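Using the sequences and the hints given, assemble the complete structure.
There are 2 protein chains.
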Amino acid sequence: MSTPLPGRDFTAAPAFRTLRKLAGNAPDLTEPGVLDAARIGALRAEAAGWSLLYATQRVNEAVLKALSALARETAVLQRFEMLLAGEPLNRIEGHESENRRVLHFASRNVVEELPDPHPWPATADAVANARTQLERLRIFLKELEQGEVRAPDGAPFSDLVHVGIGGSDLGPRALYLALQPFLRQGRRVHFISNVDPDDAAQVLRGLNLAHTLVNVVSKSGTTLETRTNETLVRAALKKAGLKPARHMLCVTGAGSPMDDPQHYLRAFHMFDYIGGRYSATSMVGAVPLGFALGYDQMHDLLRGAREMDLAALTPEPRENLPLLAALLGIWNRNFLRLPTLAVLPYSQALIRFAAHLQQLDMESNGKGVTRHGALVDFDTGPIVWGEPGTNGQHAFYQLIHQSPTVVPCEFIGLRQSQYGEDLQVEGTSSQQKLLANLLAQAQALATGQDSANPNRFFPGNRPNSILMADRLTPRTLGALLSFYEAKVAFQGLIWNINSFDQEGVQLGKVLATRLLAHMAGKAPAGGEAQDPIGPALLKAAGLR
Amino acid sequence: MSTPLPGRDFTAAPAFRTLRKLAGNAPDLTEPGVLDAARIGALRAEAAGWSLLYATQRVNEAVLKALSALARETAVLQRFEMLLAGEPLNRIEGHESENRRVLHFASRNVVEELPDPHPWPATADAVANARTQLERLRIFLKELEQGEVRAPDGAPFSDLVHVGIGGSDLGPRALYLALQPFLRQGRRVHFISNVDPDDAAQVLRGLNLAHTLVNVVSKSGTTLETRTNETLVRAALKKAGLKPARHMLCVTGAGSPMDDPQHYLRAFHMFDYIGGRYSATSMVGAVPLGFALGYDQMHDLLRGAREMDLAALTPEPRENLPLLAALLGIWNRNFLRLPTLAVLPYSQALIRFAAHLQQLDMESNGKGVTRHGALVDFDTGPIVWGEPGTNGQHAFYQLIHQSPTVVPCEFIGLRQSQYGEDLQVEGTSSQQKLLANLLAQAQALATGQDSANPNRFFPGNRPNSILMADRLTPRTLGALLSFYEAKVAFQGLIWNINSFDQEGVQLGKVLATRLLAHMAGKAPAGGEAQDPIGPALLKAAGLR
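So the sequence lines, in the order shown, correspond to chains A and B.
Letter by letter, the first sequence follows residues 128 to 671 of the numbering used here.
Letter by letter, the second sequence follows residues 128 to 671 of the numbering used here.
These are computed hints drawn from the structure, not numbers from a lab.
You may find that some hints are simply not true.
All copies of an identical chain are treated as equivalent in the list; a pair is satisfied when it fits inside any one copy or across any two copies.
[As the list claims (entries may be wrong)] The list that follows gives simulated cross-link-like pairs (lysine to aspartate or glutamate, EDC-like), each with its CA atoms no further than 16 Å apart:
id	residue 1	residue 2
1	Lys192	Glu446
2	Lys192	Glu443
3	Lys366	Glu208
4	Lys636	Glu173
5	Lys148	Glu188
6	Lys649	Glu553
7	Lys366	Glu548
8	Lys666	Glu173
Values in this document were obtained by computation on a predicted structure and should not be read as measured data.
See below:
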């Protein structure tokens, strides 16, 4: 069948037992002398424009050594190279599974100045596909630019409605919102995702459909929500007296039911070796972002992602930014036993970035079986959540500081604002206030504070780390995206789970179809006797 | 001092021990015969237009009886009535604390048709204040309507920028986004919250400031983020050649540094007995929502909240919707030991509702001490997170279904869409698809599914409940808001923690001020020797 994975299983690695022991006596950040200036300067790593400060994690030399040993013993970097080399690691051994390669990396292996250090033969098709699609997009964007493709009244297309759900929505949306200052003048993108008909109704209101392109994204070409919303949008275009085929683009698998030039102005392709949640740098993200930002800035995003992809190959775990973050996450999840992870960007532009990471991490690593098909006997991916600071400080940080429930935090900061429109108030700029608050939170969580008033006591010793870059640009954002993709992949490879399938979404689909049959008045196959629960729920919900 | 609370402490209540025992043998929803049509029909309660379906929680008659006993033994309803009666329950006994009344209920005790069943003397001032402020707002909105107040060029004001953070932002924003179909023609509201200067820069772009009102909200009149953003907005107005005082409104405490008629077109008042996270129905929410929706629809929101406030007095726990939900939450948190709660609205309009609940619940109940000032020896409020379905299904539901980490879920559904613009695709409407998916998820989480393929095995037995109403209107939304406020208050009263302060936000403020002094080049009092950590963090972050 397929090459067995090198390395030990997670719980069989000697480092696992070492870490278990170390966790019983994990360093306490509130003890005098533990968190000092030397440590803060030393526990820091860099890659692709980003620094990771991790002095405020509950680690010491012994823990870091054991985490590095865990990386070696599980052969995580060799496993990662197998992924890059095109091994079909999207599989569960001995059971029916997707059995596919995992090659979202190929979608940014398109930067001439960053040549491939090891061009894997089994990925040549994926790299060629990425370049072909990107070139097709470049030409299309040029045609838009030069007015060869334009609205029926001859005006340029000003708006693009992006129709997709899950990975076809969250990544592109988060990136688009994060790059508002980089938009081409007069271009806007809108997103429709939910099968809730109010989502489309709300977005379509107030748009001049004559000047609007629509990009429909579904790899299979059959996603219920997306095809339903496509129908709604087509109906709206027709109602406005427009020809849908002159407005509609799609991104879909070659040969899917959607891959039909009659119905679309252009059909771009996505491929079965790129999962939805890893597709933001494929045509799924490149089409809306290319429209919004122009080709060059969109390409800069790919460049940033590629830079971090290359950094993820660094052999030494403590110098490999995403691997280091993955190991710190495993320390918090499996050894300190903390079930969640808050991602807290001090940047309003990253307003939807945590929602993207929620899918990336939880759909990848929220798994119950190992690659061998055994039920896991350890914790897998955490619950990821978060909102931008300083807003979160005025919302849920109360719990983070004083509740018995400990929440590991990943702060994200930028040294400069995007717009550079700032004002000195009381001697400091807003950007300085923002950053002072970020660092203050990291410090407060780590050190806590004693008080004679028990309600003003902060226990501290709450693990966190800080990611910092100069400014949020297409390039640093691309690197940040790739950082988290690699982090999640490393964790899945160490746990030896399949981070690339999502069987957990299937049962709901089956039951929804059955309930829909009830709602449409068609008795589903087998009749109600087989499923008394669905009809009872419909009745109790007042829907029958 | 103050009246002692009636009832037993949480862990001292006999029902606590009973529930501990019952948790060891909690009902398993996957066992044949546990979840059947009779149970689904029976475990259901109603109030103020909402139904709660809780057959898919891991409860049985014994558990429900013990939860009711817990409510009685902790005298939660008497405690709740003390709150309503104006007892200063915002306090920690024997320690310096806010020591205030908790009277957000008063802000909707303004509906003539819903008279006060028990007009508490100690709240008469709060009720009178609410009515006075509301009447002032009604008159101001009428003046806008009739053109007595208008833009410098004589046009009507079309836009309102709402400047606030935390409770002054999340609630009004969530409600505004939820009520888009009810907006008055030509009126829009925008929100600036973050001290990140890009937040204001982004919002102010593309606005015609001449036609824009600005509403600045800060109870103390000193909130750093809000006052900084106010300065930014005033500068933008001046730069546009406008007189800020002709555009600016504020909502602030009487006598605060902001309460100055010279600087504002109107100053509305908020009061120290209404916490930020409970302020959405006070002037904090009423000003932007009144502008957006008009007075009558805003008043309908208050009516809905008032209806649920009255329902929260229902003596029988199983017929008291918010109390029942509070008890089910305590069962999941303290006895099944589940640390998070996902709130999953099947309504795109509720896109930011979970962010509001995050603050409401986590800032209220993410506490570490009891009202007696003792460190808690039990779990308090959960980590609340969530995104709308069906979007979430394509994102993080994988973890919810198959990971070993169990996540209790609260689904929210509406029988009808808001816009009513829908289409039949494959025999059913989008709204039907949306609702079928909601019910299917509740069913799938409860029952799970066996499979020979371990990767297609769903363990099930995952607790969840469903809230349903007919349609999301100002009135049902007001009731939903009050439902969660009362639920959170009931949980805090049962745990005997103070749900109404937020001491956990203070340490970060102190440290941020110290870091800002470093950044501004001023050595803070005491010098660096006293805090080597701050300067070291600044250096490691590349900020010094």
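| request: Please name the hints from earlier in the document that this structure breaks, with their numbers sorted from lowest to highest. | output: Checked against the structure, the hints that fail are numbers 3, 4, while the rest are satisfied.
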